[in-house]
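Peer 1: One-letter residues, chain by chain:
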Amino acid sequence: ETGVTQTPRHLVMGMTNKKSLKCEQHLGHNAMYWYKQSAKKPLELMFVYSLEERVENNSVPSRFSPECPNSSHLFLHLHTLQPEDSALYLCASSPSLTSPLDEQFFGPGTRLTVL
Amino acid sequence: QKEVEQNSGPLSVPEGAIASLNCTYSDRGSQSFFWYRQYSGKSPELIMFIYSNGDKEDGRFTAQLNKASQYVSLLIRDSQPSDSATYLCAVKSGGSNYKLTFGKGTLLTVNP
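Those sequence lines, one after another, are chains A and B.
Position 88 (the first sequence) corresponds to 88 in our numbering; numbering is contiguous.
With positions in the second sequence counted from 1, the corresponding number in our numbering is that position plus 1000.
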């Protein structure tokens, strides 16, 4: 595996379900991100982790719960979601949080549909 | 509220022409500027970034930055149908070394 991988690629869930999205980066980076991409809206930053420590929670509802067990893995735990949470969820990684020149590399995303 | 504005398009150009994609940003302290390409149903892919005023060239792509005018552009020379995608402009503001603010993107269509 190379780059940033995400599973599952597609997910359909009911509002009462609990599910988790998984992200893994194979780039040796120290920072990982969760973004939400909805139709007709810019990408929205949700969470940022650096070396397993959360450094940003961008006013995300508590029904989204991130977890970063190590610098290569990132999870997004989902529970009691709403239909408006249907979107493409993108994971990204970057070498660090300290350089403005660091690039962010995106995974393929999970297309989430909440019924 | 830091904003990044892009013309949503669609921008339609014939094959072989130059496509010009534009982006303006509101935070005068912004440090670095990124262009991503996103094919339909796929994730964003970094094309190039720029942080100094002037032009930066990489193959058929040229990024242009004018900090005084708070304007960044991407030129695609010899456009190909495979360049048809949404192009996202993203800006790192002066207050953060990692937080990217994205525009909504410009849809480019290159007609054979």
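I should point out that these hints are in silico values taken from the structure, not numbers from a laboratory.
A few of these clues could be false.
[Stated by the list, open to error] Capping the alpha-carbon separation at 20 Å, the derived lysine to any residue pairs in SDA-like fashion look like this: (1) Lys1099/B x Ser38/A; (2) Lys1099/B x Pro95/A; (3) Lys1042/B x Gln82/A; (4) Lys1099/B x Ser99/A; (5) Lys1099/B x Ser59/A; (6) Lys18/A x Gly3/A; (7) Lys1002/B x Thr5/A; (8) Lys1099/B x Tyr1071/B; (9) Lys36/A x Leu1011/B; (10) Lys1104/B x Asp1078/B; (11) Lys1002/B x Gly1094/B; (12) Lys1099/B x Leu1011/B; (13) Lys19/A x Val55/A; (14) Lys1104/B x Ser99/A; (15) Lys41/A x Glu1045/B; (16) Lys41/A x Gly1059/B; (17) Lys1099/B x Met46/A; (18) Lys40/A x Gly1094/B; (19) Lys41/A x Pro95/A.
Note that the structure is a prediction, hence the values are computed from the model and not measured.
Peer 1: Next, verify each hint and record whether it holds.
Peer 2: The hints, checked one at a time:
The straight-line distance between the Cα atoms of Lys1099/B and Ser38/A is roughly 19 Å, inside the 20 Å bound, and the hint therefore holds. Between Lys1099/B and Pro95/A the CA atoms are separated by roughly 13 Å; this keeps the pair inside 20 Å, and the hint holds. The hinted pair formed by Lys1042/B and Gln82/A fails the criterion: a straight-line CA distance of about 24 Å is larger than 20 Å. At most 20 Å may separate the alpha-carbon atoms for a hinted pair to count; Lys1099/B and Ser99/A meet this at roughly 11 Å.
Annotation: proposed proximity of Lys1099/B to Ser59/A holds, straight-line Cα distance about 14 Å (limit 20 Å). Note on Lys18/A and Gly3/A: the hinted pairing is violated, with a Cα-Cα distance of about 27 Å set against a maximum of 20 Å. A C-alpha spacing of about 30 Å is found between Lys1002/B and Thr5/A, which places the hinted pair above 20 Å, so the restraint is violated. Between the alpha carbons of Lys1099/B and Tyr1071/B the distance comes to roughly 19 Å, so the proposed pair stays at or under 20 Å and holds.
Between the alpha carbons of Lys36/A and Leu1011/B the distance comes to roughly 25 Å, so the proposed pair goes past 20 Å and is violated. Proposed proximity of Lys1104/B and Asp1078/B is contradicted: the alpha carbons are some 25 Å apart, above 20 Å. Note on Lys1002/B and Gly1094/B: the hinted pairing holds, with a Cα-Cα distance of about 11 Å set against a maximum of 20 Å. With a C-alpha separation of about 28 Å, the suggested pairing of Lys1099/B with Leu1011/B is violated against the 20 Å cut-off.
Restraint check for Lys19/A and Val55/A: not satisfied, since their Cα atoms lie roughly 23 Å apart, outside the 20 Å limit. With a C-alpha separation of about 24 Å, the suggested pair Lys1104/B and Ser99/A falls outside the 20 Å cut-off, and the hint is violated. The straight-line distance between the Cα atoms of Lys41/A and Glu1045/B is roughly 18 Å, inside the 20 Å bound, and the hint therefore holds. This hinted pair does not check out: Lys41/A and Gly1059/B have alpha carbons roughly 30 Å apart, beyond 20 Å.
For the suggested pair Lys1099/B and Met46/A, the alpha carbons sit about 11 Å apart, so the restraint of at most 20 Å is met. Among the hinted pairs, Lys40/A with Gly1094/B is inconsistent with the structure: their alpha-carbon atoms are about 26 Å apart, more than 20 Å. Between Lys41/A and Pro95/A the alpha-carbon distance is near 27 Å, which puts this suggested pair outside the 20 Å criterion.
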